[in-house]
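Participant: So you can see what is in the structure, the chains are spelled out below.
Protein chains: 2
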Amino acid sequence: MTVRKAVLLLSGGLDSSTCLLVARRDGFEIHALSFDYGQRHSIELARAQEIARRYGAAEHRVERLDYPGRGASALTDPAVAVPRGGDSGTAAIPATYVPARNTLFLAHAAAWGETIGAHDIFIGANVLDYSGYPDCRPEFLEAFERAVNLGTKAGVEGAARFRIRAPLIALSKAEIVRLAASLGLDFGLTSSCYDPDPRGLPCGGCDSCVLREKGFREAGVADPLGSR
Amino acid sequence: MTVRKAVLLLSGGLDSSTCLLVARRDGFEIHALSFDYGQRHSIELARAQEIARRYGAAEHRVERLDYPGRGASALTDPAVAVPRGGDSGTAAIPATYVPARNTLFLAHAAAWGETIGAHDIFIGANVLDYSGYPDCRPEFLEAFERAVNLGTKAGVEGAARFRIRAPLIALSKAEIVRLAASLGLDFGLTSSCYDPDPRGLPCGGCDSCVLREKGFREAGVADPLGSR
Chain A
1 MTVRKAVLLL
11 SGGLDSSTCL
21 LVARRDGFEI
31 HALSFDYGQR
41 HSIELARAQE
51 IARRYGAAEH
61 RVERLDYPGR
71 GASALTDPAV
81 AVPRGGDSGT
91 AAIPATYVPA
101 RNTLFLAHAA
111 AWGETIGAHD
121 IFIGANVLDY
131 SGYPDCRPEF
141 LEAFERAVNL
151 GTKAGVEGAA
161 RFRIRAPLIA
171 LSKAEIVRLA
181 ASLGLDFGLT
191 SSCYDPDPRG
201 LPCGGCDSCV
211 LREKGFREAG
221 VADPLGSR
Chain B
1 MTVRKAVLLL
11 SGGLDSSTCL
21 LVARRDGFEI
31 HALSFDYGQR
41 HSIELARAQE
51 IARRYGAAEH
61 RVERLDYPGR
71 GASALTDPAV
81 AVPRGGDSGT
91 AAIPATYVPA
101 RNTLFLAHAA
111 AWGETIGAHD
121 IFIGANVLDY
131 SGYPDCRPEF
141 LEAFERAVNL
151 GTKAGVEGAA
161 RFRIRAPLIA
171 LSKAEIVRLA
181 ASLGLDFGLT
191 SSCYDPDPRG
201 LPCGGCDSCV
211 LREKGFREAG
221 VADPLGSR
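Protein sequence lines, in the order shown, are assigned to chains A and B. Counting from 1, one number per residue, gives the positions in the first sequence under the numbering used here. Counting from 1, one number per residue, gives the positions in the second sequence under the numbering used here.
Hints are computed from structural coordinates only; laboratory data are not their basis. Among these hints, one or two may not hold up.
Stated by the list, open to error - Covered stretches of chain A (in silico footprint by chain B; criterion: 3 or more residues with CB under 8 Å from a CB of chain B, positions within the stretch not fixed):
#1 21-29
#2 50-64
#3 140-151
#4 205-215
Glycine residues also receive a C-beta, built at the ideal position from the N, C-alpha and C atoms.
My request is simple: use the sequences and hints to build the entire structure.
Facilitator: What follows is the structure, given as structure tokens:
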């Protein structure tokens with residue numbers, strides 16, 4: 001039996017870490033992919049590295065990206081304020097939106113995947129809590145899957161088909177926390193905050209911290225990172 | 001009247017240079033995008049720079065890419081031979097195929113485009129002479145256009161829709177040469193060879209040189225780069 005390789009987009013946050021444990025449970029050999037694209041919170045990359053090692057990824061690739069959309073998002077431009085206290089919940093698209101990010105990340109995953117023979121691509125996208133991000137919607141993921149299958153050898157030679165797998169797509173944050181707990185995720189390793197302090201501690205006030213806190217509370221699970 | 005911005009993928013070759021002149025003729029303000037991804041023929045980038053300047057691009061961005069598919073193609077791996085004398089014409093996909101290249105390039109173009117407000121993306125893809133490349137097919141370009149419109153603000157806010165424009169898609173190489181000549185392209189600036197010598201001169205024997213020579217011959221136009 002050949003091992004089935006998967007590329008997994010790993011940010012070091014709760015969702016992508018949970019996704020890694022799901023892929024591992026489902027028997028995939030995991031090739032984790034992270035990006036250094038000038039994001040504010042470089043603690044993410046350190047966490048991603050640790051999570052990949054701890055949970056047995058076959059390899060972890062960190063790609064440096066000359067990200068074209070850098071200056072347009074609160075996550076990459078220090079001049080744009082990170083929204084606080086869930087106040088971006090009513091906006092159509094949050095200020096933390098990064099232009100075409102998942103299109104870009106999935107394209108890199110596909111290019112690497114085709115190179116190493118991994119046609120399953122895992123992404124921790126989740127539509128319920130982040131419905132403002134267009135690139136977390138299932139209709140986008142399906143359209144991308146179709147495009148990449150037409151635009152690669154996979155689509156012509158038919159030997160393998162790319163599958164974009166988003167196992168958390170329909171889960172609430174509380175369900176993700178419960179799933180992660182059942183798979184043994186060490187929550188203390190994950191970093192969700194959009195604006196952590198220099199030691200990597202969460203701010204407790206950004207949208208991501210607020211969602212995380214709510215998720216743990218509703219799941220009845222204690223978050224070792226806690227709120228301060 | 002507002003100027004309509006376009007991102008144009010510019011390799012420095014005949015096709016993308018012709019594409020630039022078409023976009024300019026059609027009134028677009030051109031934001032040229034090239035990639036430094038470890039390609040063998042770095043002469044391309046110097047030519048792209050010169051072409052962007054000569055033909056009035058508003059700006060020219062060269063993005064360094066940590067290309068994941070590097071080792072898989074004759075264009076990026078010195079250990080893989082560049083096919084000679086049109087002998088890859090019968091293969092399903094040539095050895096010069098780079099994994100998911102246009103998916104990746106278009107994703108970067110979209111991310112940059114969304115950032116600068118350019119929703120028209122020009123690509124010199126051409127299906128007739130390069131039918132072996134899956135990512136030069138119109139069905140791929142259409143599927144990608146659909147995906148990127150679903151995965152960006154454009155798709156949600158509806159203010160602008162991405163258009164992937166491939167004006168050379170159905171032209172033969174001879175037709176491209178004639179079109180370029182009619183638009184005043186200085187052919188001597190373009191570089192098509194997959195394996196140029198250290199001075200940047202074309203080898204005359206690779207698939208790309210063979211196609212170019214045939215195109216000029218059929219168009220009845222003299223190529224200043226000639227064959228040696």
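Participant: Now, for every hint given, state plainly whether the structure supports it.
Facilitator: We went through each hint and held it up to the structure:
Evaluation of the coverage hint for the segment 21-29 of chain A: breached, as 0 residues show C-beta separations to chain B shorter than 8 Å, against a requirement of three. For a cut-off of 8 Å, the count of residues in the segment 50-64 of chain A with a CB near a CB of chain B stands at 3, and the three-residue condition holds. For the segment 140-151 of chain A, the proposed coverage by chain B is satisfied: 8 residues have a C-beta within less than 8 Å of a C-beta in that chain, meeting the threshold of three. As drawn, the segment 205-215 of chain A meets chain B at 0 residues by the rule of a beta-carbon pair under 8 Å; below three, the given contact is violated.
The structure does not agree with the numbered hints 1 and 4 stated previously, though it agrees with the rest.
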